[in-house]
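S.K.: Read off the chains here:
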Amino acid sequence: MFKEDQLKKVEEEKKKWIEDLSKILCETPERLARFTTISDMEIKGLYTPDDIKEIDYSRDIGFPGIYPFTRGIQPSMYRGRLWTMRMFSGLGGPEETNKRFHYLLDHGETGLSIAFHYPTLMGYDSDSPNARGEIGKCGVAIDTLKDMEILFEGIPLDKVTTSMTINPPASILLAMYIVVAEKQGVSKKQIGGTIQNDMLKEFIAQKTFMLPPKPSMRIIVDTIEYCTKEVPRWNTISISGYHIREAGATAAQELAFTLADGIAYVEAAMERGLNVDDFAPRLSFFFDSHIDFFEEVAKFRAARRIWAKIMQERFMAKNPRSWMLRFHTQTAGCSLTAQQPFNNVVRTAYEALAAVLGGTQSLHTNSLDETYAIPTEEAVTIALRTQQILAEETGVANTIDPLAGSYFVEALTQKMEDQAWEYIRKIDEIGGMVAAIERGYPQAQVAESAYRYQKQIDSSEKVIVGVNKHVTDHPPITIWRMRPEIEERQLKRLKEVKGSRNNSKVKQCLQQIRKASQEGENLMPHIINATREYATIQEICDVWRDVFGRYTDPGYF
Amino acid sequence: MSPQRKIRILIGKPGLDGHDRGAKVIARGFRDAGFEVIYTGLHQTPEQIVAAAIQEDVDAVGLSILSGAHDYIFPEVIELLKKKGAEDIVVFGGGIIPEEDIPALIQYGVKAIFTPGTPIEEAVKWVRENIKPRK
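Line order of the protein sequences matches chains R and D. So for the first sequence, our numbering puts the first residue at 1; every next one is plus one. So for the second sequence, our numbering puts the first residue at 1; every next one is plus one.
Bound-form chain R, shown alone:
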């Protein structure tokens, strides 16, 4: 980016600066022996043109909306349209969550995002022994189409897009959504949204798994294949780094493992015979925005650049939309503290800023009380307002990718990219992500990073305000509680649905799912039929557990 003589001059001036600095450091040394990011990447005291001399503006940075999209995927970015403010919500039963959805939409939220309770996430119904103690606690309880109808009461599915954090039963929840839309008179061609549907990161990090990796991949490809033809506005998968990071990965590991998962999905879909440009534009991504500001901005910028290269060079995609890495961001739940919880508002605001300066397409901001429970209405309002203040008051959305050209940010972006390629190469050597997971490679890497970080906290090498520094007592805050009658109501409704539906039709539909599962036929049309007849999530998942077997945690530590 610089001429030879410019660099030479900078080098001379830098030498002089270092001399001056050394004298000062003799008298007053630096505060720390090592300055590092939260991922333990060492950071220098000063970055100059010398650090980015290998970077070529047109090749590596370029323009927004143009390959390799380092500066953003749309030409106008937030000047055209702000990011979607999408608050991850789910609490108690569908009634409570429907109320929360309306509340958030009334307060300026622009997209929905469903958090399901654990039994739904794992493919069990509320009346399963596995659901004991868990109903409605970590999200909304959904057992059948009936619950989804209640969940979306008064919410027109042609006007709003919905993201669903759901993995093993993702295809079932998508089927239910399609049927709810149908009942509202909205065609599946019109609906928009996302299912997470990313099983690989479940094995690595989030651990809501059900079937072994291979059949899991098969069902994912079924949804990609079906939606490519039938639900064109649906994001078939949200390839997620968020959970990998929350489980303790470094920023570079989050980036690399996520993109390596992406590679595995593209390969699997192409093996099915799909044309890369038919499905790749509907792949989406989901990242964490952690507390180390510049590292995160660099990570987001590097992610776009790497994915563009992967899609163009490795998979020969021709459609520019296939090259674009579109992503949702959630601020880092694991950065929040139970101690002095009001400080979490500040942490979340910085993390949200990093996501926006990193060019996110949508954003969830965590609430201050989420280290205790699902957020209260008051807490979630502050979290939403944090985004609105960022969007409307701070001026950060006025210009595109304002940190571009910073010696530090560009150098860090390049470093993130280099580190990610190294991991991707390693995973390729193992034989791809499915093989790497079977060998426990990413799992061990993440556990290692998590342990190292905890040791750094315990030794105060890394600081968390309120935890290992500036520790003071704080008064308790009011937290959200599940009311016991919600559980009773959920169980009662499930019983009623099972009693009043056409059970012989349900049985027939489940038999069709079994047959399609065994014979390799696309499952989606059969799942839609079954959910329309009010088959439960567990009834469908039990067929799969029976046909494909279960995955159990190898319990590495």
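No lab work stands behind these hints: they were computed from the structure. Bear in mind the structure is a predicted one, so any value in this text is a computation, not a measurement. Treat each hint with caution, since some may be false.
Simulated pairs of lysine-lysine, BS3-like, Cα-Cα distance not exceeding 30 Å [what the hints assert, rightly or not]:
{"no.": "1", "chain 1": "R", "residue 1": "K455", "chain 2": "D", "residue 2": "K111"}
{"no.": "2", "chain 1": "R", "residue 1": "K426", "chain 2": "R", "residue 2": "K44"}
{"no.": "3", "chain 1": "R", "residue 1": "K469", "chain 2": "D", "residue 2": "K84"}
{"no.": "4", "chain 1": "D", "residue 1": "K125", "chain 2": "R", "residue 2": "K469"}
{"no.": "5", "chain 1": "D", "residue 1": "K132", "chain 2": "D", "residue 2": "K84"}
Following the hints, put chain D in place on chain R, whose structure we already have.
M.R.: Just chain D, lined up with the frame of chain R:
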């Protein structure tokens, strides 16, 4: 005189909760501190955890719960240990557990609850002071 047997601890992840970062970190921390550690892996029922604790002849069971199901799972595990005549196995735990829920859990027989932000060293020290090898 034979040297005293090492403290044996079962770290359990009950319920459907998949958040195993804390369980793994503490399992490793305990192992590095010289305890014998058995980790159940995820998605264990209270029955499976109690069976593993008895089979492995552990001195204590540490449960990690972040899903809000603590008020069901802790009492269930303690109850089952009693039923099997293994009430001398100490039960403790950690995770996302609101302060005001802790007294009831302690009353039920949970020996200690470690909330977010607890250093590994603090948990290790507690184990050394409160758990003795049985027999």
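S.K.: Work down the list of hints and note, for each, if the structure agrees.
M.R.: Here's how the hints hold up against the structure:
no.: 1; hint: K455/R / K111/D; in the structure: holds, 25 Å
no.: 2; hint: K426/R / K44/R; in the structure: holds, 27 Å
no.: 3; hint: K469/R / K84/D; in the structure: violated, 45 Å
no.: 4; hint: K125/D / K469/R; in the structure: holds, 21 Å
no.: 5; hint: K132/D / K84/D; in the structure: holds, 20 Å
Checked against the numbered hints above, the structure violates only hint 3.
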